[in-house]
Amino acid sequence: MTSMSTNTLPGRGDTGKQNTGQPERSADRRRLLRSPAHGRQARAAWILAGPFLALFAAFMLVPVVWSLLMSLTDTQSADLRTPFNVSFVGFDNYVRLFQDDQFFTALRNTAVFVLVALPLTLAAGLAAAVALDRGIRRFRAVFRVGFYLPVITSIVAVAVVWKTLLEPRAGLVNLVLGWFGIDGPAWLADTRFALPVMILMAVWRNLGTVMIIMLAGLQSVPLSLMEAAELDGAGPWQRFWRVTFPLLRPALLLTAVTTGIGYLQFFDEPFVMTGGGPLDSTLSATLYAYKQFGNGNYEMASAASYVIFVLIVALTVLQFRVLRDKD
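Position in the sequence shown (first residue = 1) + 854 = my numbering.
One or more of the hints may lead you astray.
[To be verified] What follows is a set of in silico ranges between Cβ atoms, one per label pair, in the way DEER data are often shown:
1) P1104 with R935: 44 to 54 angstroms
2) A985 with A1088: 38 to 48 angstroms
3) A1088 with G1035: 46 to 56 angstroms
4) T936 with G893: 39 to 49 angstroms
5) G1089 with L969: 49 to 59 angstroms
6) P1039 with V1014: 51 to 61 angstroms
[What the hints assert, rightly or not] SDA-like cross-link-like pairs, simulated, lysine to any residue; straight-line CA separation at most 20 angstroms:
7) K1145 with V1176
8) K1017 with L922
9) K1017 with V999
10) K1017 with V996
11) K1017 with V1167
12) K1145 with L909
13) K1017 with T1045
14) K1017 with I1162
15) K1145 with S921
16) K1017 with D1037
17) K1145 with Q930
18) K1145 with D1134
19) K1017 with G1129
20) K1017 with R994
21) K1145 with T927
22) K1145 with L1003
23) K1145 with G1131
24) K1145 with Q1119
25) K1145 with Y1002
26) K1017 with T1170
Keep in mind that the hints were calculated from the coordinates and are not lab data.
From the three backbone atoms N, C-alpha and C, an ideal C-beta is built for every residue, glycine too.
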């Protein structure tokens, strides 16, 4: 009895080892952090990261903070030589901004652009990915390059080409319509067609990115799940909607967020093709901020930029709530 109880009870030395194991490891970690070799590695890391941090602070952090301060002051182009003599006005610039009918027009155009172009881009990209994954067997690489080529092409070059194609007299689009006896309109000079044309161009240009990401998601779906669903009697549409589409949720979230952020900042298309016209029908929120900056109203341009930033954050949070994985 005595021997058994002696063997089962931990010894004094064992107890001390159990109690001091964690402090010993913490002490070893502290000694490692204080070692000369670790200090040299830390200094080398900071030296290597120094150029990036300096560039980031000079060209990103400082301008962002400065623009925020400008949105709360009465800074204009005449104050560039005396930037510290401006007056603090608080949120007066934001109040003036939301009293400007032109800014509301820009917000409405941006909202229409995002709400129409984003779903169309996602649907077209997903359809192209499904076609490449299942329907198209030959020359698949050629189709991939063809769909993705507009993405890597300069947006300014694309806008200039589209503007040339849509010329009311010498444009190829109206020329083809004339063959069928249709008198084509002045696409970019008509308030009914200017914004839809830009939406169509944006969908055509960006569906390649969605297609590539969706295609990667489709190819990662296990074949065993599709075979099991087929054995259970599920048709092609049921297999896609109930098996494939839920597994594409991460890819859909990624493309929705990145494309939505880009569409909220759409600027190059109206800047190159219409300048915001006709009658502000293609004026975007970013183009409005650009024009305010060009007119010397730096405080209004900064305020408009931060309104766009808030809209981007709100759209991103909404997309994460709707499209995130429910598990």
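Here is what the structure says about each hint:
no.: 1; hint: P1104 with R935: 44 to 54 angstroms; in the structure: holds, 51 angstroms
no.: 2; hint: A985 with A1088: 38 to 48 angstroms; in the structure: violated, 21 angstroms
no.: 3; hint: A1088 with G1035: 46 to 56 angstroms; in the structure: holds, 48 angstroms
no.: 4; hint: T936 with G893: 39 to 49 angstroms; in the structure: holds, 46 angstroms
no.: 5; hint: G1089 with L969: 49 to 59 angstroms; in the structure: violated, 32 angstroms
no.: 6; hint: P1039 with V1014: 51 to 61 angstroms; in the structure: violated, 20 angstroms
no.: 7; hint: K1145 with V1176; in the structure: violated, 35 angstroms
no.: 8; hint: K1017 with L922; in the structure: violated, 36 angstroms
no.: 9; hint: K1017 with V999; in the structure: violated, 24 angstroms
no.: 10; hint: K1017 with V996; in the structure: violated, 27 angstroms
no.: 11; hint: K1017 with V1167; in the structure: violated, 32 angstroms
no.: 12; hint: K1145 with L909; in the structure: violated, 27 angstroms
no.: 13; hint: K1017 with T1045; in the structure: holds, 15 angstroms
no.: 14; hint: K1017 with I1162; in the structure: violated, 27 angstroms
no.: 15; hint: K1145 with S921; in the structure: holds, 16 angstroms
no.: 16; hint: K1017 with D1037; in the structure: holds, 18 angstroms
no.: 17; hint: K1145 with Q930; in the structure: holds, 13 angstroms
no.: 18; hint: K1145 with D1134; in the structure: holds, 12 angstroms
no.: 19; hint: K1017 with G1129; in the structure: holds, 12 angstroms
no.: 20; hint: K1017 with R994; in the structure: violated, 30 angstroms
no.: 21; hint: K1145 with T927; in the structure: holds, 19 angstroms
no.: 22; hint: K1145 with L1003; in the structure: violated, 31 angstroms
no.: 23; hint: K1145 with G1131; in the structure: holds, 13 angstroms
no.: 24; hint: K1145 with Q1119; in the structure: holds, 14 angstroms
no.: 25; hint: K1145 with Y1002; in the structure: violated, 32 angstroms
no.: 26; hint: K1017 with T1170; in the structure: violated, 32 angstroms
Taken one by one, the earlier hints fail for this structure at numbers 2, 5, 6, 7, 8, 9, 10, 11, 12, 14, 20, 22, 25, 26, listed in ascending order.
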